[in-house]
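Protein chains: 4
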Amino acid sequence: MIIVMKQNAERKDIEDVVKRVEELGYKVHLSRGEARTIIGVIGAEEHLLPSDAFEVMGGVEKTMRVMQPYKLASRDFSPSDTVIDVNGVRIGGKPIVVMAGPCSVESREMILETAHMVKAAGATILRGGAFKPRSSPYSFQGLGEEGLKYLAEARELTGLPVITEVMGSEDIELVGDYTDIFQVGARNTQNYSLLKALGKQRKPVFLKRGISGTIQELLMSAEYILAGGNMQVMLCERGIRTYETATRNTFDINAIPVLKGLTHLPIVADPSHGTGMSQLISAVSKAAVAAGADSLMIEVHPDPARAWSDGAQSLTPERFTQLMQELRLVAQAVGRDL
Amino acid sequence: MIIVMKQNAERKDIEDVVKRVEELGYKVHLSRGEARTIIGVIGAEEHLLPSDAFEVMGGVEKTMRVMQPYKLASRDFSPSDTVIDVNGVRIGGKPIVVMAGPCSVESREMILETAHMVKAAGATILRGGAFKPRSSPYSFQGLGEEGLKYLAEARELTGLPVITEVMGSEDIELVGDYTDIFQVGARNTQNYSLLKALGKQRKPVFLKRGISGTIQELLMSAEYILAGGNMQVMLCERGIRTYETATRNTFDINAIPVLKGLTHLPIVADPSHGTGMSQLISAVSKAAVAAGADSLMIEVHPDPARAWSDGAQSLTPERFTQLMQELRLVAQAVGRDL
Amino acid sequence: MIIVMKQNAERKDIEDVVKRVEELGYKVHLSRGEARTIIGVIGAEEHLLPSDAFEVMGGVEKTMRVMQPYKLASRDFSPSDTVIDVNGVRIGGKPIVVMAGPCSVESREMILETAHMVKAAGATILRGGAFKPRSSPYSFQGLGEEGLKYLAEARELTGLPVITEVMGSEDIELVGDYTDIFQVGARNTQNYSLLKALGKQRKPVFLKRGISGTIQELLMSAEYILAGGNMQVMLCERGIRTYETATRNTFDINAIPVLKGLTHLPIVADPSHGTGMSQLISAVSKAAVAAGADSLMIEVHPDPARAWSDGAQSLTPERFTQLMQELRLVAQAVGRDL
Amino acid sequence: MIIVMKQNAERKDIEDVVKRVEELGYKVHLSRGEARTIIGVIGAEEHLLPSDAFEVMGGVEKTMRVMQPYKLASRDFSPSDTVIDVNGVRIGGKPIVVMAGPCSVESREMILETAHMVKAAGATILRGGAFKPRSSPYSFQGLGEEGLKYLAEARELTGLPVITEVMGSEDIELVGDYTDIFQVGARNTQNYSLLKALGKQRKPVFLKRGISGTIQELLMSAEYILAGGNMQVMLCERGIRTYETATRNTFDINAIPVLKGLTHLPIVADPSHGTGMSQLISAVSKAAVAAGADSLMIEVHPDPARAWSDGAQSLTPERFTQLMQELRLVAQAVGRDL
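These protein sequences, in sequence, are chains A, B, C and D. With the first letter of the first sequence counted as 1, position 35 gets the number 35 in this note's numbering; the numbers rise by one all the way through. With the first letter of the second sequence counted as 1, position 136 gets the number 136 in this note's numbering; the numbers rise by one all the way through. With the first letter of the third sequence counted as 1, position 222 gets the number 222 in this note's numbering; the numbers rise by one all the way through. With the first letter of the fourth sequence counted as 1, position 29 gets the number 29 in this note's numbering; the numbers rise by one all the way through.
Treat the hints as calculated values from the structure; they're not laboratory data. All C-beta atoms in this analysis are idealised placements derived from N, C-alpha and C, irrespective of residue type, glycine included. The reader is advised that the hints may include incorrect statements.
Claimed, not checked - Output of the computed footprint for chain A on chain B, the stretches with three or more beta carbons under 8 Å from beta carbons of chain A:
id : region
1  : 148-160
2  : 175-182
3  : 187-200
To be verified - As a list, the in silico DSSO-like pairs of lysine-lysine whose alpha-carbon atoms are at most 30 Å apart:
id : chain 1 : residue 1 : chain 2 : residue 2
4  : D       : K119      : A       : K27
5  : C       : K149      : B       : K12
6  : C       : K196      : B       : K27
7  : A       : K94       : A       : K27
As the list claims (entries may be wrong) - Covered by chain C, according to a simulated footprint, are these stretches of chain A (three or more residues, beta-carbon under 8 Å):
id : region
8  : 141-151
9  : 166-176
10 : 271-280
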């Protein structure tokens, strides 16, 4: 960390800061320029250092971090890509993994039908929500355990591993009895109670970026899970909140190559939430693959106009099947498979 | 809700939409303009209606909500202001209530000392964190139950009611044994498991706006608690995330009069998080009172440079005492007390 | 436009609104629901109607626009794609057009050398700034007319049409003596004096989205030029300003399919400004082509570390050449050429 | 400036950076930590140094500026507050100056009537637009010179100095023949042609923050005018663009104390644009004064429902008169007059 002193900082201010740095167990590197003094804080564990405290000390203008505040999630820690194996489906390798299915599991028939259809189109993981975080208390909140049972049945019949959302640490055991991958939604990206609990179990975790989370916050939230001992984490770009109202969210395509540079964890793109509009999913799915995503999560519903949630951002099975064919060409153009 | 059809929508498209609306139990009001047809959906419970589903139907251009998606939180439901009584301290009435104290309870001595000082300066509620949501797993996570005990002791010695954060539904019982008000932090504003559980108990809830939450989302999250039967909810503006990096957050001063217009619940302002910089707290505190806030939450620490968290946005007891004197004048200028 | 009245609106309020609508020459369609009255404003020219005025009338809750506020830029006006021919280079057709060159023209040798290199790599239009909008008055402001002359010389030697920025209407004549396409930068997207003047001349205009401009504002700014009689306008997505600081801007990949749906004008992507980081340009260029962009603008500099501006987001000729080869594969995968 | 090298930077990389810094005429201060090397760039004129160039050099991770990129606008340059005298009205002193009037000058009668009314209520400067930047080419664009003449007549009759917008450098002479203060609108904050031209003349300039401009960009734009030799610049906070749609803009109350700390120039608040809703203007005006604004600009219209522009954010004369009385109390509570 670098501490920039004000132009009019007094000698005593500088001495106080130096003393405080040394109290915390770090070394100091002083640089006195013509205009102002800059204090470098030296030590291996910069990510443990509070920056806040220095900013209120006399004569301090600002502090600037030199190193990243996460460790296990970084490329420095593990230069080679992490590949997560889920019952034989490998996420993070050469083939692009497509996870597909409805927003919510609405009935046994509906999830079984959708599972067969997405498998036929080439998806290798089945998604479906049983516990749903809805902004209104009056909206459908998911089928709960009943939905989990139908998902498990769909897995048995199709062989597709399943992914479903867990909304609180109190549900981990129940959801874990059925799911292959735990999904953490965008509203829970910084639910640290949940992240800590997921760090202590051993199933893979699919972590979505917060609704307006930064890339660094996403990596810090992953760090919570990794620090608990669970290294099976995949990160999902799902669009961020911006001032633009033409789309539900703004899919941050830049985040894909940025994350591939900063971390060894697999990167998933979610064009359904990233756009919020079914007619944009195809273009943005292709873009995500072209930009280097390892996996896609796409909402598919047999009858979007009758969906109990997220109908506007779900593909029909026909459009999904066509998209899979188009995606294969793009994947090959960038040296991947599908 | 209003459903706007595309210019080239066919007769069949319109009939399908009408049929779907009627299936859901609503009535239809058709308006055929020169250019396009507009379908009004009529029924008392518009907040129960899914908009998503219509947007994927053939010939639909967009849907627009006419009514607010919340009910119990709205001024229409309760035209007069809700006043919450916490051991005799009334939040939402003429006097401005100031909640003050450290970000984290760091030790018994520290919280007792701070409690006495903020009380002497005129604060009437004591804040202090025992369970801390920190973006890094390597940062201090709070003293836990030990911190709660010190807070309770501070209450006994000073008579000040206390407020502290609860991070997950699994902690409600423990935290509830000590606190007078449950605080829900900005990262948990849409943690619906937690909100539902808080709706089922009877202590007041202090609900912060999400880090980039909309005003409507804040009201919808309050609705989760109210719908559970707990009407003791206060809402807190604590700054939102924007592109501006000169401050930690952008305090949304507009939100105060907007919320006062939309809801009967008391409105609290948090200038510490709203600015992130101690030198701005005074100006923004006065602004919040001038704009109509019912209460302020301000971080105060006996030695901010040695604070274990949020030092940069904490006032010293001296500056807090001076601010309280200045605030009194502003409160009186807008017809309030302090 | 739809005018939603408040629940407690009085009969007189409704009559006043109806009267005002009729004064303005529109017809009214009244819909009295159980809870509130909704007033539909009927007339072909909704884009001419002020919404502001109604919102301050007694009893009005809000107004909502049904139709788009632009006309000549819309797909409704011209269902087939506009193709702009610049000295034989056709923008908006099947082949992806790549515009490349340095941020600033720094010298005669430098622009000639770059022109030859980008042409050899497959670019078909040469870019280069002579008048530069810089955030600091102390930064290099461009070579001015001298730079324009070097650009013209580069065109003669390579045959590549050139594009360069015009910063004010007072410079249109001068810049027009040399350039083939006028570029309007992101800080001038709503400089209406400039847009009006560009509408009156006949060279093609390359209009960038504002730094935090909405898609609708971009189309409205295009409408200024089109309304002046110049139909040769191409629109450029160049990243928007968000809270994310990991990249200079957030490239809005969604904007590409959204714009292709709303307008007939050709869409250009600028991954240099859209990311601000040279190591991200390749991934985002491929993504833009996969998402449907008609053209790319990419900054290329013979020695980015010595560039007078935008070095951090410029490719070396070697990396540009490699990117062009990779782009060709992606273009073919989505049915385009390069 | 500080240049942080990558962990794996080679000796040659470091030497190259050092050489480049020295080529540019600056000195180097090397700090070799355990993990990485940090290069301090020393020299008085850091604001002249391009950061971009270094970021593409081999082995460089990032660069961080230590000093502000502006100079004449900073408090370091002029510790005491600048007070601008406009025909005897002093902006930046103890009394709060209120500028009021309609968005657009609509007719002679209307501006004369409004001028008399706002003067009676206590305003000391008259605003009114003659050249209007409208997002639609089909909206009313202002009366032009005719409007300027009416403004000048209103000044003669009331003695109030006038302020009106100038949209391009080509209009400076014409507008300057009538106005006392040049207003630069939010869409022109980075119209550098205009700023340079305004720096060369001697009437005061009222510079609005960009629609999503940072505080630093606002100061840099002021620096363009100051560097031209015109030190009579006042800065206006008018709300920024955020994701929140409940209001037209988000008034950035934090910006007021931040700007008062960074610059000696007077700070004006514009609650009309800052909220976009007339019912919020009163609360936000009081907040701005409580936070330390030197001046307010408020839109007042004799009949907002019939305003040709911005009716929704204009006060009636009655409400403006009442607000002035309330503002006086708030001004006195914070040690100012009105």
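Now the hints, each set against the structure:
Evaluation of the coverage hint for the region 148-160 of chain B: breached, as 0 residues show C-beta separations to chain A shorter than 8 Å, against a requirement of three. Under the rule that three or more residues need a Cβ within less than 8 Å of chain A, the assignment of the region 175-182 of chain B is violated, with 0 such residues. Interface restraint, the region 187-200 of chain B with chain A: holds (8 residues with C-beta to C-beta distance below 8 Å; minimum three). Restraint check for D/K119 and A/K27: not satisfied, since their Cα atoms lie roughly 63 Å apart, outside the 30 Å limit.
The hinted pair formed by C/K149 and B/K12 fails the criterion: a straight-line CA distance of about 61 Å is larger than 30 Å. Restraint check for C/K196 and B/K27: not satisfied, since their Cα atoms lie roughly 48 Å apart, outside the 30 Å limit. In summary, the hint linking A/K94 to A/K27 is not supported, as the alpha carbons are separated by about 45 Å, beyond the 30 Å threshold. Coverage of a stretch by a chain is defined here by at least three residues with a beta carbon nearer than 8 Å to that chain's beta carbons; for the region 141-151 of chain A and chain C the count is 0, and the condition is violated.
A count of 0 residues in the region 166-176 of chain A with a Cβ less than 8 Å from any Cβ of chain C is obtained; the coverage claim is therefore unmet, three being the minimum. With 4 residues having a beta carbon nearer than 8 Å to a beta carbon of chain C, the region 271-280 of chain A meets the requirement of three or more and the stated coverage holds.
Violated hints for the displayed structure, listed by number in ascending order: 1, 2, 4, 5, 6, 7, 8 and 9.
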